[in-house]
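S.K.: If you're matching them up, the sequences are chains A and B in order.
Each residue of the first sequence is one higher than the last, beginning at -13 in the working numbering.
Each residue of the second sequence is one higher than the last, beginning at 55 in the working numbering.
Derived by calculation from the structure, the hints in this document are not laboratory data.
Check each hint, because a few of them may be wrong.
Just a sample of chain A residues kept apart from chain B, beta carbon distances all over 12 Å, derived [stated by the list, open to error]:
hint, residue
1, T19
2, D27
3, F39
4, Q47
5, F48
6, T87
7, S88
8, A116
9, A154
10, G174
Distance condition first, Cα-Cα at most 25 Å in a straight line; then the derived BS3-like pairs of lysine-lysine [unchecked claim]:
hint, chain 1, residue 1, chain 2, residue 2
11, B, K70, B, K165
12, B, K150, A, K80
13, A, K80, B, K165
14, B, K224, A, K179
15, A, K185, B, K224
Partner residues are not named here, just some residues of chain B that face chain A (Cβ under 10 Å, in silico) [to be verified]:
hint, residue
16, Y110
17, G131
18, I199
19, C223
20, N267
21, E275
22, I295
No residue lacks a Cβ here, since even glycine has one placed at the ideal position from N, Cα and C.
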Amino acid sequence: MSNITLRYSSLTKKIVMALAGLFLITFLFVHLTVNLMLLFDPTREMFNAGAHFMVTNPVIQFMQIFLFGGILIHIIFGLILQIQNWMARPVGYKVTGWSHTSPFSKFMIHTGIIILIFLTVHIINFFLKAKTGQVNPIQYGDVEYEDMGLLVVDLFKNGGYVIFYVIAMLLLAFHLHHAFQSAFQSLGLNHSKYTPFIKGLSAVVSIVLGLGFMLIPLVVFFSDKF
Amino acid sequence: MNITLEIWRQKNARSKGKFVTYKLDGVSEEMSFLEMLDYFNKTIVEKGGEPVAFEYDCREGICGCCGLHINGYAHGGAHETTTCELRMTKFKDGDKITIEPWRSRAFPVIKDLIVDRSAFDKILRAGGFITANAGAAPDANAIPIRKVDADEAFDSAVCVGCGACVAACKNSSAMLFVSAKISQFAFLPQGRVEAVQRVQKMVARMDELGFGNCTNTGACEARCPKGIKLTNIARMNREFIGAKLGSQIVRH
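Looking at chain B on its own, in the form it has when it is part of the complex (with noise of 0.2 Å):
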């Protein structure tokens, strides 16, 4: 099929970025959408031009690099699927895409359809771990943990960092992102001990770095590739309060 590709391009983080519009023959319904990227680089090499950057590792949904805004949707807009697992069947001959990088203040491009997404790492290092030794493989099975809280602190822990829940959000919001890093521990005994401070101290580092206000829209939990839910940002607020009710400061 004949599609038509409207690309925002970007020489680096200081350039402004204009969009470009190019034609491109002989895509086939079996390629999967960074396939037919592939495929339209290999036509701008083989001119002499700049191939589009674009972020990918895994290409196959587990990695969390491919986010790209594709027609006014994160990742394309297919129900729980990443860029990488978008495929070309879902466009039809004679289609225009426009395809765009990310966009938040926290999210600064760096080339073409490259955003800088280490936002989300400087959160994580404010508290999305636990400082005490885990252990190995069989101590996870020291501690009882009763089925369903295991069950749900995994399905916070599958988020991928990809950020389409800030690119999806009008207010620019991390508050998913942030609240299913934090619930991933909500629910395990080990994850308790830190959990007054690792509120905290995330939620102010999400703000310093210039992401929005959540307003319960929901944008974010439609466009999450991997499912993560909303109750995830009401456990958040959960904890945050909890935190500064309940916590009992101990000065030194």
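Bound conformation, chain A alone (with noise of 0.2 Å):
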């Protein structure tokens, strides 16, 4: 693989980073409205019902192979591009001086890889238990589903595992500060009218999307209702 992809331009990699950035980034979207269905229910039904949407419907069971293709790709091209830029540079300055940019885009590998880590914790804590069955049943009227809500509020209540979720949360945020409107610019849309908007859309973006997924192990650790 390593080798068709690095007889791809420069811009090329870039493309296709910001393409599979922004899609990676619709998909955080859907997983946050799913995720904030648990803090409207503590019966946990209508989150329960949800994720069982997101195990079982043929769409979204499809959309996943463009998903997990999509991981891999900004992983790939990312490791390779932050390779060769460190390669660029053999011999480093003695005196470097900082400069006033955005301090998140000077740490994107340093987030990614934090992101993959937490990604790779996060996979094997929920995706793969619900995907081999190994989550409990409950019953409610006379529907059932799995308990996936269950499996959240036990490892929600367990405070390392919340530190550990919330700060990778928070580099969540900061890799997308960056990233929403750097990708935007990657793909060759600057404009004198839109891309002052785009970069306030991409503060939005990384807010909303890391406090929203901060929001739920807080609230479910700290509140006696779940």
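Both chains are sitting in their own frames, so use the hints and assemble them into the complex.
M.R.: Quick look at the structure:
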């Protein structure tokens, strides 16, 4: 794979990174919507119905191919670009000044790697359990769902896990703060009128997604209702 | 004023090189940065030493030769200023000034503070020109061009190719330079004729030469002595996507 991807030009790789990244952001919004259902209904019925839909709906199942493909491409291209970037300066500077540009943009590989570690733990904790039928069923009236909500609540009552989760989401927000507007620049979509709006939107996207995902473990941990 | 200079000394392209610290007395505030280096070299020569090699030509900010990495910033970090335009009034008595050459795989050090920037020329030779005879000066007015387009093209054309964008970029990316050299033609009808080939050839050459990839950080724009904007890079990306998707391949 890496031999093929190395042949692509720098701009092609950047464009693919941007498209994959933007697609992953749309998935994060879907994921957050389902997660927030947990907060609105402490009986977990709404969340479990949402989770059940996500693991059974055929369209969602089909989209999962693109989702995992997108994650894989974003990681592989990101690593190749980063390694090329490190190689482009074999001897560094003794004194490096601080440029007053986006601080988050300087640590994309670092925040990215931590998000990848989080993602691995996250997939083991939830996705694989749901996919392999390791989740206990729960009865609501005459319908039965896998009790994904209980799995989430159990983990979110663990203080150490909550801290890990919140830090990972904070770094995700940092990553997205640069990523969203950067993707537009990579795609050549720069405009004197709309670029300031996209930059503002980038901040909003990172705050909404970051705070949104952080809110759930914090509420579950500190509330008696769960 | 008295200053301390920490300067990268390297005998030639093959030798290893190291930082050497010097004390320099009697520097005047009225000196330009390069005049300070001239004065410093005079003190070295008088003691029978080897003067520090640094590149310069016009000393008025239009040739792009004099790039130095001063105290962590390309061209010393003043807004839209080349090293030759930097004045010693920016420094004060007792300051330590660290001077390094541009650092990039594509810009190897030739001697001391001089780097080989011919990689930029190689990119230009790949497509940074128009093949058609553009005519004499009066012909420039034969084709009417909107003022806004002429201004945009000129704003890109003021790039002097000093390499500060590469030097300042954490990835050693040349995309600000390449995009400026693509943009200066992108607005003009004479430039449109070869636009599809130009962007692809210049980007391919840039990649071959070992420059890094842009991560849209904007350090290049912040350090560019000519105020070349990041919008040029977006335009290059746009030209590239257009060339890849929109061009019809003619087979002979």
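S.K.: For every hint, state whether the structure bears it out.
M.R.: Tested hints:
1. Against chain B, the non-interface label of T19(A) holds: every CB pair exceeds 12 Å, the least being about 29 Å.
2. Once the 12 Å rule is applied to beta carbons, D27(A) is consistent with being away from chain B; the minimum gap is 41 Å.
3. Its beta-carbon lying about 36 Å from the closest one in chain B, F39(A) satisfies the requirement of being farther than 12 Å from that chain.
4. With a least beta-carbon separation of about 31 Å from chain B, Q47(A) lies farther than 12 Å from that chain, consistent with its non-interface assignment.
5. Remark: the non-interface label on F48(A) is consistent with the geometry, its nearest Cβ contact in chain B lying 26 Å away (cut-off 12 Å).
6. Not every C-beta of chain B lies more than 12 Å from that of T87(A), the closest at about 4 Å, which undercuts listing it as non-interface.
7. With a closest Cβ-Cβ approach of about 6 Å to chain B, S88(A) is found to fall inside the 12 Å limit, against its non-interface label.
8. Consistency note on A116(A): stated as away from chain B, and its beta-carbon is indeed over 12 Å from all of that chain's, at 35 Å minimum.
9. With 12 Å as the threshold on Cβ separation, the claim that A154(A) sits away from chain B holds: the shortest Cβ distance comes to roughly 22 Å.
10. The claim that G174(A) is not at the interface with chain B is violated, since a C-beta of that chain comes within 12 Å of its own (minimum 3 Å).
11. Proximity of K70(B) to K165(B) is assessed by CA-CA distance (about 10 Å); at most 25 Å being required, the pair is judged to hold.
12. A distance of roughly 13 Å separates the Cα atoms of K150(B) and K80(A); the hinted pair therefore holds under the 25 Å criterion.
13. Straight-line distance between C-alpha atoms of K80(A) and K165(B) comes to about 17 Å, which keeps the hinted pair within the 25 Å bound.
14. For the suggested pair K224(B) and K179(A), the alpha carbons sit about 28 Å apart, so the restraint of at most 25 Å is broken.
15. Of the pairs offered as hints, the one joining K185(A) and K224(B) holds, with about 21 Å between alpha carbons and a cut-off of 25 Å not exceeded.
16. With a least beta-carbon distance of about 21 Å to chain A, the hint placing Y110(B) at the interface is violated under the 10 Å criterion.
17. The criterion of a C-beta within 10 Å of any C-beta in chain A is met by G131(B), whose closest approach is roughly 6 Å, and the hint holds.
18. Given hint, I199(B) at the interface with chain A, is violated; its Cβ is 19 Å from that chain's nearest Cβ, farther than 10 Å.
19. At its closest, the beta carbon of C223(B) sits 9 Å from a beta carbon of chain A; the interface hint therefore holds under the 10 Å criterion.
20. The beta carbon of N267(B) comes within 5 Å of a beta carbon in chain A, closer than 10 Å, and the hint placing it at the interface holds.
21. With 10 Å as the threshold, the beta carbon of E275(B) comes within range of chain A, its nearest partner Cβ sitting at about 8 Å, so the hint holds.
22. A least Cβ separation of about 6 Å between I295(B) and chain A falls short of the 10 Å threshold, and the interface hint therefore holds.
In this structure, the hints that do not hold are numbers 6, 7, 10, 14, 16, 18, in rising order.
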